Amino acid sequence: MTSTPLFLDTSIQISRRGDDPAEIKKIDDVLKGHDLLATSSFVRLEFKQSFIQDLAYLHRNLVLERSFAKVLAGVRALHSHPGHIRKASMILEILGGYFSNAKSFHSDSKFDSDLAEQLGLYLEIILEDIWEWFNQESVDYVSDATECIRSRTMPRRKTLVFDVRVEKCKSQKIRCNLNKFFKDKEAQFRAIRDHINTLDDARKDKPDELKRIATIIDLGLANPDDLCNSKECRGLGDALIAVEALHFKELFTKDKDQAGVICAAIALKSDLLF
Amino acid sequence: MKDLTEELLDRENKSQADPLDQLGMRRTTAIEGKISGYKTAEKTGEYMESSLVTTRHEAARLEIDDKIEEILDIADELLENSKDLILLDNLLDALNSSVDELWNLRDGREREYAKLIVLLKTITKSKCIELANQKQVTALFEILQTFKTPRIAEIDIKHCVRVMKEAGLDPYKPLRSDQKLKIVIEEA
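In order, the protein sequence lines correspond to chains D and X.
Note that the first sequence covers residues 1 to 274 in my numbering.
Note that the second sequence covers residues 1 to 188 in my numbering.
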């Protein structure tokens with residue numbers, strides 16, 4: 001066993017809860033080789049914004065619609081963000097398969113409403129547990145270098161459904177430490193921006209997300225306080241995670257750009273899960 | 001043959017029948033005031049209805065209690081036969097059926113009762129439990145004992161989740177299932 005810690009990014013934390021057993025085994029094999037697992041409050045924010053929001057969305061619809069078939073049809077019909085919706089419908093199909101052991105059924109049957117009720121109760125159990133899992137069970141340490149205030153609100157039960165909203169931050173009223181963190185780590189952020197700018201736009205090795213990170217770093221270099229709002233902070237995402245992970249020497253991710261571009265720019269060792 | 005509900009309703013009607021009514025006599029209002037629980041003739045229909053509901057609830061309760069008793073017997077057997085893997089597998093199957101039956105009787109109980117059943121299904125449904133693992137079988141036994149609680153509360157559910165995790169039983173398993181089912185919703 002090595003003595004080096006390992007920093008887990010959002011993609012890994014989500015996979016640990018929602019991926020298939022083969023993928024989980026690959027992750028566990030990597031985790032076994034490390035004696036200290038860490039993540040950050042910013043990863044927790046992203047985890048809430050994606051995975052927990054998906055679960056709460058499915059829970060709310062199952063409770064209100066009382067029909068598995070209707071909720072599944074509704075999720076499949078959404079097209080606003082293909083990747084995101086595919087994830088929610090996949091979760092629902094997996095849960096439906098697990099609890100029903102059926103491949104097809106009539107949408108107005110008692111079976112359908114019973115299944116919706118069971119899945120609603122199941123997701124309730126999970127939503128009441130997942131915050132504790134993230135903070136106390138999934139890792140040994142949750143770093144909070146940015147003192148992200150938005151990452152601190154756990155999912156709250158509001159009568160029938162869960163409130164999983166993420167509050168907004170504004171540069172006019174700074175409540176976190178992102179500006180100071182950025183200033184302290186300016187050299188690393190600058191290195192990430194410079195490395196992104198060397199990539200070739202035409203060869204499509206610079207996706208929009210990376211371009212956006214470079215633009216936001218420019219904004220921060222001009223005035224770090226401008227980063228302290230929900231929009232820029234979210235856009236900085238992968239760069240912020242990588243710079244915070246530097247303290248732990250090694251980052252574990254499923255994101256090719258994160259590992260290949262951002263980590264490479266700041267000489268952060270990365271474990272990429274294929 | 002009468003079913004349980006009819007039998008209980010008959011018994012209740014017999015025990016509550018007013019002796020004055022049986023003699024063809026009517027009570028005065030003054031008498032009505034003195035006799036607690038008396039229903040006026042006009043309210044008889046309403047009374048019968050509420051009595052029927054109470055009896056049905058009692059019948060459902062009794063049925064649930066019987067089913068829970070059956071489940072606790074299975075729990076005992078699980079512990080007693082913890083080394084016989086084939087027997088354990090058969091018991092788990094029986095448990096799965098009983099859990100499904102408990103689910104069908106959930107209307108007579110509190111919401112957390114249904115929640116406990118769903119939590120239990122995460123263990124029994126796809127046989128997520130390792131039957132050779134004594135710690136896991138003991139955890140299942142402890143969770144099943146929770147059904148003895150007259151009124152299951154949120155704190156009991158949280159305790160069961162903790163018991164599961166400590167034994168290596170993963171409540172998140174259904175989210176990570178490798179059953180690649182494509183569910184086709186048929187039109188009614």
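Misleading hints may appear alongside valid ones.
[To be verified] Pairs of lysine-lysine residues, derived as DSBU-like cross-links and limited to a Cα-Cα distance of at most 30 Å, are as follows:
no.	chain 1	residue 1	chain 2	residue 2
1	D	K110	D	K183
2	X	K148	D	K25
3	X	K67	X	K173
4	X	K67	D	K87
5	D	K87	D	K183
6	X	K67	D	K25
7	X	K165	D	K254
Simulated from the structure, these hints should not be mistaken for lab results.
The model shown is predicted, which means the values in this text are computed figures rather than measured ones.
- Task: Would you mind confirming whether the straight-line C-alpha gap from X:K67 to X:K173 stays at or under 30 Å?
- Result: holds, 26 Å
- Item | Holds or violated: X:K67 to D:K25, with C-alpha atoms at most 30 Å apart | Violated, at about 38 Å.
- Straight-line alpha-carbon gap X:K148 to D:K25, limit 30 Å: Since the Cα atoms of X:K148 and D:K25 sit roughly 37 Å apart, the hinted pair is violated (cutoff 30 Å).
- Is the straight-line distance between the alpha-carbon of D:K110 and that of D:K183 30 Å or less? violated, 59 Å
- Message: With the threshold set at 30 Å, check whether the alpha-carbon distance from D:K87 to D:K183 stays at or below it.
- Response: The hint is violated at about 36 Å.
- Query: Are the Cα atoms of X:K165 and D:K254 separated by 30 Å or less?
  - Reply: holds, 26 Å
- Message: Just to be careful, I want the Cα atoms of X:K67 and D:K87 compared with a cutoff of 30 Å; is the pair within it?
- Response: Not OK: X:K67 and D:K87 at ~38 Å, beyond 30 Å, violated.
Violated hints, listed in ascending order, are 1, 2, 4, 5 and 6; each of the other numbered hints is respected by the structure.
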